[in-house]
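2 protein chains.
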Amino acid sequence: MKSLVEIHPWKLIDRDFNPSKQKQAESLFSIGNGSFGQRANFEEDYSGPSLQGSYIGGVYYPDKTRVGWWKNGYPDYFAKVLNSANWIGLHLRVNGFVLDAFTLPITNFYRELDLKSGLLTRKLTYTLADSTQISITALRFCSMANEHLACTQFSITTNRPCSVEIEAYVDGKVKNHDANYDEYFWQPLRADASQNHLELEQKTKKTEFHVAYSLDQAWTVINGIESDTPSTSKTNEFAAEKRTFNLQMNGEISLTRFVGISSSLSDEGDNLLDIAKQHSSNAQIQGWEASLNAHILAWDSIWHMADVVIDGDNAAQQGIRFNIFQLFQTYTGKNPKLNIGPKGFTGEKYGGATYWDTEAYCIPFYLKVAEPEVARQLLLYRFQHLDKAIENAAKLGFKEGAALFPMVTMNGEECHNEWEITFEEIHRNGAIVYAIYLYEKYTGDASYVLNYGYQVVFAVARFWAQRVNWSNDKKQFVILGVTGPNEYENNVNNNWYTNYLAAWCLKYGIEIANRISDLEHKPLPVELQEWAHIANNMYLGCIPNSDIFLQNDGFLDKIQSLASEIPVNQRPINQHWSWDRILRSVFIKQADVLQGLYFFENHFTTETIRANFEFYEPRTVHESSLSPCVHSILASWLGKSEKALEMYLRTARLDLDDYNHEADEGLHITSMAGTFNSVVEGFAGLRLTEDGISLEPRIPLHWNALKFKLNYRGARMQFEIFQDEIWASMHGKSSLTIQVFKEMLVIKEGEKRKISTSNIASNLN
Amino acid sequence: MKSLVEIHPWKLIDRDFNPSKQKQAESLFSIGNGSFGQRANFEEDYSGPSLQGSYIGGVYYPDKTRVGWWKNGYPDYFAKVLNSANWIGLHLRVNGFVLDAFTLPITNFYRELDLKSGLLTRKLTYTLADSTQISITALRFCSMANEHLACTQFSITTNRPCSVEIEAYVDGKVKNHDANYDEYFWQPLRADASQNHLELEQKTKKTEFHVAYSLDQAWTVINGIESDTPSTSKTNEFAAEKRTFNLQMNGEISLTRFVGISSSLSDEGDNLLDIAKQHSSNAQIQGWEASLNAHILAWDSIWHMADVVIDGDNAAQQGIRFNIFQLFQTYTGKNPKLNIGPKGFTGEKYGGATYWDTEAYCIPFYLKVAEPEVARQLLLYRFQHLDKAIENAAKLGFKEGAALFPMVTMNGEECHNEWEITFEEIHRNGAIVYAIYLYEKYTGDASYVLNYGYQVVFAVARFWAQRVNWSNDKKQFVILGVTGPNEYENNVNNNWYTNYLAAWCLKYGIEIANRISDLEHKPLPVELQEWAHIANNMYLGCIPNSDIFLQNDGFLDKIQSLASEIPVNQRPINQHWSWDRILRSVFIKQADVLQGLYFFENHFTTETIRANFEFYEPRTVHESSLSPCVHSILASWLGKSEKALEMYLRTARLDLDDYNHEADEGLHITSMAGTFNSVVEGFAGLRLTEDGISLEPRIPLHWNALKFKLNYRGARMQFEIFQDEIWASMHGKSSLTIQVFKEMLVIKEGEKRKISTSNIASNLN
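One line per chain: the protein sequences are A and B, in this order.
In this text, residue positions in the first sequence follow my numbering: the first is 3, and each later residue adds one.
In this text, residue positions in the second sequence follow my numbering: the first is 3, and each later residue adds one.
Derived from the structure by calculation, the hints contain no laboratory data.
As the structure is a computational prediction, the values presented were derived from the model and not from experiment.
There's no promise every hint is true.
Which copy is meant is left open, because identical chains are indistinguishable; a pair holds if it fits in one copy or across any two.
Derived pair list, reagent style DSSO-like, types lysine-lysine, alpha-carbon separation capped at 27 Å [stated by the list, open to error]:
1) 73 - 23
2) 735 - 4
3) 509 - 351
4) 645 - 207
5) 744 - 711
6) 205 - 13
7) 476 - 236
8) 351 - 66
9) 397 - 339
10) 397 - 754
11) 208 - 477
12) 756 - 279
13) 66 - 750
14) 73 - 351
15) 207 - 711
16) 351 - 13
17) 397 - 709
18) 177 - 66
19) 709 - 73
20) 397 - 208
21) 336 - 509
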């Protein structure tokens, strides 16, 4: 698979401009700072295929639901993150020609995203019809040091005298590409333009989120003069400053823009514009260099903790860093109103809303590499939505405080509307509880679950207790009419993953009930007995005479073919087969039974995990971005190194190599957390044991080393795994015991210890 | 249940105007003539809730599909019958007051639809703020004698001198209530207005159906004078003639409109307007009385054959006549391009398109009461769509000429877009073959299947042969991922009805293959062997240790409650329960297993039918209009007279009594055929035997008599069933043998014979 970008340990570089790949490149080179972000659209005009995209975290619009046939229980609205004002735009004319890379010949194209510094650079040379050559350099970053700030620097040089007209604008008249009724979601408030300064205020329709932009613009010219008085123009949603220059040979114009962005989601009060102005003008006072340096320092401190070094495989190295970079660009844990949209700030698909991806994939990532507060913010996000989840369940007929968290949400309300997902993909409820459980396991901090989380746990347990029914036929409890993680089966009975997770939730609920002191909310003994009765009598299907769990009832009626038998030109099947054919087929979109074995690996023997992996993996087409990482981890555990690496590259480089032909729509942000987990849980074999951690590293043979850090219960650990030895060091605790393969080892504060030299090879498959 | 209309054997009468029931009344009092029709909207202005509706059979627009998430295989368009020009409209002012029954006090309200004559009458008296009283009488019919003609007569009387302004218009600027993107579907061509004449031409966007209207208007005034010169006005889609009058005490104005309607669907050539004009002016020359008489005569000849007399139960009598009336208003069999929309000309829901209702319900009706050509037209309609059905199947991955007829269609293309229906409710394919089979059974005419139908039969058999798969688990052929007639289960495996019907289609295909002489299209022996192999090894689920067939896999895992346990305020469940809850519940929307037992009753013993009926009926909520009739028939067969009557009234008076709270949207036209079948197949116990018919009458005890006629293989039979005797007569054949209960009886041409006096009672349950 030919990637758009060169292989490089720290950078994405593209030297070969290809208009048919521009949308994909716009996704890959996206930048953001957790509060806002944007696709790597060009500053100057570009008339080729492009997906203009600039997004502000958490600012959403409730787009009226669009369905074929309405079904009771459907939500009325689908909250969508909004495409927001374009604050990078320039209209650029030289000698009267519009600079447009789609229509003019260009050379010396160079586009770079430096993952270490978070700086986007683009260079290219336009050749005009009159042979004038114009070279541009565009730099851009969304400050990780200041969540209100972005800076751009755009410079032009020319090989001969020419006249240049630059209109630098901020444009609020933008539409969502993904809008059900083709409406504008923004309402103009005001815009203003003066020399060196633009400003814009807008609010969203219905939700009334208020957003303000302040742009301070600094112009310099070398070997040239301004040929006219600067002019400004504005409407109520557009503001621009236009300047014209006569450049000499080797002339240069440079425009630096300091952009302050403030929104009512993040800032309080009525003076959002003042806040935005303060940030843009402070940055201008400090200047480009200082602002950039602060940004780079912020990235440094993230990388200091979160970097993963893969020595000896630059493609793998680039993949993991790209994934970590995108995750932190999307979510930093600073704002409890934010969560992690599947596409982050790189596209509109899936509405920028919260899915179970957050709990199943992202929280385990942030728990490992960031302060516990980050994961805790994500847990609190759901806690704040508990009342709405109870309302949602009530709407579907559940009682007594049972909660069904939405499949997709911006504000706690369900905003997905396909019945087989909305009403039936209920396993999401279990993942939310599982993340609460994991938080305590990783951090050792019981305060969250005992003070807040237990309410979520009980409400979810109540949901499961009502959602099961006793089957007279099976003489066990069953869960009918669900969609499992494998969305290539809809409305099935007894999805093993869902049933297992539901039973676990009930047991965990009992455990928490026995630990909490909040007597008012504590379930009565009779309720706890019912939970235990259900959990102990849950139907869990098995393939007869095997250790293989049955994904769902009826699975064995299918034609048992393997994914390898699907002709290449029919992959991905979701782009080639009709939906009914996909549903009838045995092919699995993403880990389903295996997702359960991954979550609860300590409940099963390796042989059981192996039997299931060997049955299900060959039937899996991995057409969800969330699939390969789980398979990579399990493959590592089972010593299937080749498969583990194949799956790792598929998750780490999913977008870089565009496996699923959809990177143009945006990146798969949430699955990037799975990439990290594949490295740390998979190759390094990290597992949480009853009260500690264990490591069973099995790194690919061509890797020289794998190095990463890990937060665990107040300790900050560092591991360096080589082919024949492991080094570990630890800070933050006086000592910590870890298990490496079968050996128990004590590491002391500050000590860097070589753990093992011989055990690795002997434990490799 | 309080009906809107009075009980009357031949009429719908409503004396009690209730604005909250106006939409329902507009549906019930709808009129049509098989070519076009309209809801019973008022001529004059009405500002209350109303569903304006005027429809021209077969004139459709491909409305762009609207879905939440697109799935491969979805059709791009949903063809919809169009709301078309309003040709009854009047703006009416008296002393400057707009006559509007929603805002003015009204008295003496009377609305009548005479089923015998097909004449709609409405009277009411308006009282103005100045105490002037205006009485109006509005008469209307869509001519059954002339498919291009409709006539209206509107007259006004007053109790005191007043000034009256009447603007009589034709208005083409109408929108579908049911439009996915709120577009106008009509494109104006021209309109014109002159004294006593209006005309309008329009065409549909995209499909370019051309429609022309010509209105000849005759005005008379008694005790009054025209106070001003008549004036006309027009736009390109609206034309009107306005007249003003000064009326004296007891003055009267009358406007008679002769409306000619022509469409490119029914008429050839470029002169549609000329055709329309010819019909309106001819009618005007003949006058109102003659036009009305011709219309009544046409109805007489329909009633002569199709009437059903129920003596002793006027509610039942009204129900069956209303149903027969609406069926013939909707479809007359004259035009091979037309079919029977579920709502006929009474509403927009379901797009006016063709469903399996036609084959499963309507064809058996028309076979009994109309010439064989009518049913044959309906069969040819599908035959003409065979190529598109093959294309449709190919789109879903089927090969070698397999056909999947669409779930919903106007032109042969699928235009439904919910995957669980569109792709999975494939039993429709079987009903289409079943109707071909029935045609020969009823008519004795093998020429249709041997000359045309066999191609449909083979293409459907090929579909089933590919749609099954061998289950290694069950060691039989299974059909996975279907939706049966019970749409309250989606995406199930091994729906018994579907599996049984599929196996039958394959066997019927083999039988036809052995009879046809068209060697070119005859399947090869190897294909026929495969069909037999599948048919003989089809999995057909059973409830263990019983004669009860299993509706689908997993049905026994459900909580086995009964419909009687659902609280009344939660009925219908489709208006109260979320979709997932409905799917998980045991409740059945409409006959499913029982539909199969109805189709193939001679394959099963009475005891098997009884066991299934007694299991499934109590679980059935009858929330499809197609459900009660099948249950009524089976109940009759099983001697369950009370249940049979209950179900009969539910189908016969479904809309009259508005059981499902949706008559406002339009009537359930196709299920009305089921009403007729409930009487003739149910109460009279008509069944087709191997080569004849049998009768097992069991009429409700309070009925004095049931009388009906029947077409059977060239014979026209007439039956009069009393509580203790049966009279039969026959024309068209020299003699015919029929079986009544266990007795074989020969009836001769022209003879009226008392068949039995004692057998009935002894055979009653």
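Here's how the hints hold up against the structure:
{"no.": "1", "hint": "73 - 23", "in the structure": "between (39 Å within a copy, 25 Å between copies)"}
{"no.": "2", "hint": "735 - 4", "in the structure": "neither (46 Å within a copy, 80 Å between copies)"}
{"no.": "3", "hint": "509 - 351", "in the structure": "neither (36 Å within a copy, 49 Å between copies)"}
{"no.": "4", "hint": "645 - 207", "in the structure": "neither (49 Å within a copy, 56 Å between copies)"}
{"no.": "5", "hint": "744 - 711", "in the structure": "within (22 Å within a copy, 89 Å between copies)"}
{"no.": "6", "hint": "205 - 13", "in the structure": "neither (37 Å within a copy, 60 Å between copies)"}
{"no.": "7", "hint": "476 - 236", "in the structure": "neither (71 Å within a copy, 72 Å between copies)"}
{"no.": "8", "hint": "351 - 66", "in the structure": "both (16 Å within a copy, 21 Å between copies)"}
{"no.": "9", "hint": "397 - 339", "in the structure": "within (24 Å within a copy, 45 Å between copies)"}
{"no.": "10", "hint": "397 - 754", "in the structure": "neither (56 Å within a copy, 63 Å between copies)"}
{"no.": "11", "hint": "208 - 477", "in the structure": "neither (51 Å within a copy, 58 Å between copies)"}
{"no.": "12", "hint": "756 - 279", "in the structure": "neither (53 Å within a copy, 101 Å between copies)"}
{"no.": "13", "hint": "66 - 750", "in the structure": "neither (58 Å within a copy, 68 Å between copies)"}
{"no.": "14", "hint": "73 - 351", "in the structure": "both (23 Å within a copy, 15 Å between copies)"}
{"no.": "15", "hint": "207 - 711", "in the structure": "neither (45 Å within a copy, 65 Å between copies)"}
{"no.": "16", "hint": "351 - 13", "in the structure": "within (26 Å within a copy, 57 Å between copies)"}
{"no.": "17", "hint": "397 - 709", "in the structure": "neither (49 Å within a copy, 51 Å between copies)"}
{"no.": "18", "hint": "177 - 66", "in the structure": "both (15 Å within a copy, 21 Å between copies)"}
{"no.": "19", "hint": "709 - 73", "in the structure": "neither (51 Å within a copy, 43 Å between copies)"}
{"no.": "20", "hint": "397 - 208", "in the structure": "within (23 Å within a copy, 41 Å between copies)"}
{"no.": "21", "hint": "336 - 509", "in the structure": "neither (33 Å within a copy, 69 Å between copies)"}
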